[in-house]
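> Sequence:
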Amino acid sequence: MTEVEIHTDTIRLDQFLKLAGAVPSGGIVKELIAAEAILRNGEVETARRRKLIVGDVITIKGDDTYRVSRS
Numbered sequence: 001m002t003e004v005e006i007h008t009d010t011i012r013l014d015q016f017l018k019l020a021g022a023v024p025s026g027g028i029v030k031e032l033i034a035a036e037a038i039l040r041n042g043e044v045e046t047a048r049r050r051k052l053i054v055g056d057v058i059t060i061k062g063d064d065t066y067r068v069s070r071s
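Position one of the sequence shown corresponds to residue 1 (the working numbering), numbered consecutively onward.
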């Protein structure tokens with residue numbers, strides 16, 4: 001699991017995945033959501049702009065896992 005630090009209280013899912021280096025653009029996030037390939041805290045995510053908070057865990061395609069952490 002990769003810890004990704006944010007400097008705000010919340011961050012949008014698409015911004016978070018770009019910050020983590022998991023995707024090159026928000027368009028890819030849209031495609032992954034359409035394919036139900038992104039989980040937030042173990043549940044399929046349906047909103048690209050979902051606000052994440054510290055402690056949320058994002059899994060992409062069952063392989064890559066990222067946790068929102070605070071700096």
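Warning: the hint list may mix true and false statements.
Straight-line distance between alpha carbons at most 25 angstroms, and here's what the computed BS3-like set of lysine-lysine pairs gives [stated by the list, open to error]:
{"no.": "1", "residue 1": "Lys61", "residue 2": "Lys51"}
{"no.": "2", "residue 1": "Lys18", "residue 2": "Lys61"}
{"no.": "3", "residue 1": "Lys18", "residue 2": "Lys51"}
{"no.": "4", "residue 1": "Lys61", "residue 2": "Lys30"}
{"no.": "5", "residue 1": "Lys30", "residue 2": "Lys18"}
{"no.": "6", "residue 1": "Lys51", "residue 2": "Lys30"}
By construction, these hints were calculated from the structure, which means they are not laboratory data.
The structure displayed is predicted, hence computed values, not measured ones.
> The structure should be examined with respect to each hint, and the outcome stated for every one.
Now for the hints, and whether the structure bears them out:
{"no.": "1", "hint": "Lys61 - Lys51", "in the structure": "holds (20 angstroms)"}
{"no.": "2", "hint": "Lys18 - Lys61", "in the structure": "holds (16 angstroms)"}
{"no.": "3", "hint": "Lys18 - Lys51", "in the structure": "holds (14 angstroms)"}
{"no.": "4", "hint": "Lys61 - Lys30", "in the structure": "holds (14 angstroms)"}
{"no.": "5", "hint": "Lys30 - Lys18", "in the structure": "holds (12 angstroms)"}
{"no.": "6", "hint": "Lys51 - Lys30", "in the structure": "holds (15 angstroms)"}
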